[in-house]
Amino acid sequence: MKYEDIERYATLFKGYGELRVQENRQTQVTLWNGDVVGNANGSQAGISARAFVDGVWGFVSSPESDEKAIRAAISRAADNARFLAAREGRSLRGGEAGVLPSRAGRGDHDLSTDKPRRSRKELIDFVRAVDAYCVEKHPGLQSRSLHLFCLGMEKTLLTADGARAYSLIPRTTLYVGFTMEAGGESIELYDMFGGRGEFEDHFRDPADLFPRIDSLAENLERKGKGVYAKPGTRDVVLGPDLAGILAHEAIGHTVEADLVLGGSVAADAMDREVASPLVTLVDFAYEALGETCPVPVWTDDEGVQARDAVLIDKGVLRSYMHNKDSARHFGVEPTGNARAFDFSDEPLVRMRNTAILPGSSKLDDMIAGIDSGYYFQRSDSGQADSTGEFMFGVMMGYEISGGKLGNALRNTTISGVAFDMLKTVDAVSDDMDWTCAGFCGKKQMIPVGMGGPAIRCRVNIGGRA
Amino acid sequence: MEEFNGIDIARKAVDLLRKAGADKAQASLYRKEKSELNVDAGAMSLYRTTANVSMNLTALVGDRKGSLSLNRYDETSVRAAAAEAVDAARSSLGDSANDISPADTPERRETGDTDPSSGDMYDRLREFVDYSRRTYPKTVLEQCILDFENGASFYSNSNGAEFEERSGRYDFSAMFTTKDGRDVSSFNYSGASRRSLAEPLKAWGGVDELMRQSTEQTRVSSVEGSFTGDLIMAPDSLGDFLQQMDQIYLSDHALITGTSPWKEALGARVVSPLFTMRSEPGGPGIRIGYLFTRDGFRAENCPLIERGVLRNFTLGLFGSNKTGKPRCPSGGAAVIVEPGDSSLPRMIADVKRGLLMARFSGGGPADNGDFSGVAKNSYLIENGRIVRPVGETMIAGNIASLLGSVRAVSSERIDYGQAVLPWVLAGGVTISGK
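The listed protein sequences correspond, in order, to chains V and H.
Numbering (the numbering used here) for the first sequence: 3 to 467.
Numbering (the numbering used here) for the second sequence: 2 to 435.
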């Protein structure tokens, strides 16, 4: 529920401060081979306050949200900051390191559904109906795992520099994972349904999912007959799913300003060519290409009115993603990338909706242009490094031989160094897909959106010798 | 923290669940207060204090189960939550595997400090920051976190099982990168948990040695070509592989869905006889253990793999009932890998061609145990000697095969507080460069 009169606490701030009232609500239903093994609701609610004193932060959170708790939190957050500042011998008294940049956001954004809400029983019945179809239509599967996860994050924020913002951003995903036996081994593949919005916004009739369920089973069948990728550096086409994770993991993390300060390779790359001119990469705030983003952020958790961050423009590194403190350090405007997951979490520099923009090539032509290589379609994981070296797990892909798709692939891993690999991009497709199922882990979890077209490039493949 | 009577709240919650219509009920409650100091980009940045309560209610109506979690414990909230949990159970599907733990003698345990000294925490962290700057001047502390958590856990169920544990512990983690001009090392990290601040933070986990290695890793190159070689897993990377082994071979999901390659292997040899792994939440080898499992059993030490033979899966009560296989008496965590009779230098000397790997960057392994990923913060070993640090080097193999080909386990181990792990040498790994 929106915290209506939060502004009455503005007078309690002594210097820069923030107050956030938040509740995260979750519903989960899990089926393994048709058995309901998880059936849970959850809520985490509370308040947090943060204060900035002489260049350091103090933070306090409490599950209580009455006036007494709020007053105490605001006061103790300032005490914590003063304790640290004193021990550090800092006394900047509003000097250069004590003033944070400001662009206060105000507004309400409630994305809850306007459709009639389904009961818990209806949610369970929906998942069971999907599972029943899976077992009936695809009886040869070794196992089935389905997991419905509904998350609603509701925040009311007040800051000393004038921000007052409310948001309720829901996300609903249904994971469907299959395994089958092939050659005495278990082979797995999954698909994700849903995205931004509540259950009722995405799931009307289980039959709507059946075509993609069939496709999932067919792809698993192909993968069961698949081959292992050969190790080495190869020409590849990365499908939109991998381009999205490339945008997030390989590039996005290296240009988060806190990681730049922590030693990222991007510290020395500003305004330098880091990619092919075909590559433009943006961390969108709330709207991209005329549509609301998967994870829209209108005002971030430091109260900054969020803006898009154009990270790479036609191959040249142009911006980092900032919170207020890093923007102060670099002498730039904050981008609105400060985000916190739970009420008890402090805002960190986080991505929002990170995507490579579409180009002008056709996917079929991109595949046809490879004599010997791979088309990597689906990723199941990704990690990055301060060096820009990345790794993605690939769970679905195909050999390319003579410009044509060949055998399906078993699981493999690809890697590269982002700013080297991006220079090998010689084609970018003219379409684009978003995913809204991922969480990024960096001290805290946070929902993120990732998007991209297909790109053609060279990467390292960790296959079997 | 003032004495918090959580067991009484848990008992009342069980009573409210029963009154709402549950045939069987359990309630667990965890209350914590945390004080945390952060270093970001080498500078003290944040002092954070948080408090929270997590309450989990489970209702069984017949053999149908519903759960609800909340972070309030006032009677009105718990009463509403109990009704919702019962409603969730009634909406669910019955399963005869659903149950709660049997009655047990109530037990209470208290360990560790109860009140942290913010000043002492600050001094230890400042000491570490100063040590790092002095000893490794080109290494940037990306983020260090030292926290003290004063926690109290409570469990009660309608069969009469009751546990109460109050525990104070310090956790420290350091993540760092070395930057030399424009050359940057891969980041690395380590950390540990302790009951007190008696030791300097540089001695916690593998922090100091990994920072030293980081200074050698700013200029790296890929291995040439692709070959099958040896792998020495340093304790930090071994921990990741053991977690994956649990997930693929031993866990509830792997056994219930039938995908575990070891599903019929209890009592059989599954890996090298040099490898023994125990779960010992009761200590004494584990400093930060636990009194009871998440499903309400007294946690008892047990072997998981003993001289290569599979002794226990990590099944909980539901998984055990579902599969007919024995429940893991320990809950499966607090892992100790027994030391071997080799030493790290002797293991390196025994490698003709391979890697010493401190960190593995890879996705989750496939259900058949196949893994592949990037060997991070690693060194190439040739003819018994470390040759150079490597980058852009990938490894691939199979977890069961990897642990089946273990040739040596080190006598040296790292004590992470919640796990104790050695270096392990295994063969047959595909190692590939650019």
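Wrong hints could be hidden among the right ones.
What the hints assert, rightly or not - Taking lysine-lysine pairs in the PhoX-like style, the calculated list, with each CA pair at most 20 Å apart, reads:
| hint | chain 1 | residue 1 | chain 2 | residue 2 |
| --- | --- | --- | --- | --- |
| 1 | V | LYS445 | H | LYS326 |
| 2 | H | LYS264 | V | LYS444 |
| 3 | V | LYS16 | V | LYS70 |
As the list claims (entries may be wrong) - If you anchor each label on the Cβ, the simulated ranges turn out as follows:
| hint | chain 1 | residue 1 | chain 2 | residue 2 | range |
| --- | --- | --- | --- | --- | --- |
| 4 | V | ASP81 | H | GLU111 | 25 to 31 Å |
| 5 | H | ARG295 | V | LYS123 | 53 to 59 Å |
| 6 | H | ALA266 | V | TYR177 | 24 to 30 Å |
What the hints assert, rightly or not - Far from chain V by the CB rule (all over 10 Å, computed), these chain H residues:
| hint | residue |
| --- | --- |
| 7 | ASP9 |
| 8 | GLU85 |
| 9 | ASP88 |
| 10 | ARG127 |
| 11 | GLU143 |
| 12 | PHE188 |
| 13 | ALA367 |
| 14 | SER373 |
| 15 | GLY392 |
It is worth saying that the hints were derived from the structure and are not from the lab.
Where is the CB? At the ideal position from N, CA and C, for every residue including glycine.
Results for each hint:
1. LYS445/V / LYS326/H: Violated, at roughly 37 Å.
2. LYS264/H / LYS444/V: Distance ~35 Å between LYS264/H and LYS444/V Cα, so the pair is violated.
3. LYS16/V / LYS70/V: holds (17 Å)
4. ASP81/V / GLU111/H: 25 to 31 Å: holds (29 Å)
5. ARG295/H / LYS123/V: 53 to 59 Å: Check failed, 27 Å falls outside 53 to 59 Å.
6. ALA266/H / TYR177/V: 24 to 30 Å: Holds: the Cβ-Cβ distance is about 28 Å, inside 24 to 30 Å.
7. ASP9: holds (18 Å)
8. GLU85: It is violated; GLU85/H is separated from chain V by about 6 Å at its closest Cβ, not greater than 10 Å.
9. ASP88: violated (7 Å)
10. ARG127: violated (8 Å)
11. GLU143: Violated, since 3 Å does not exceed 10 Å.
12. PHE188: violated (5 Å)
13. ALA367: Not fine: 5 Å to the nearest Cβ puts ALA367/H too close to chain V.
14. SER373: At roughly 4 Å from the nearest Cβ of chain V, SER373/H sits no farther out than 10 Å, so the non-interface label is violated.
15. GLY392: violated (7 Å)
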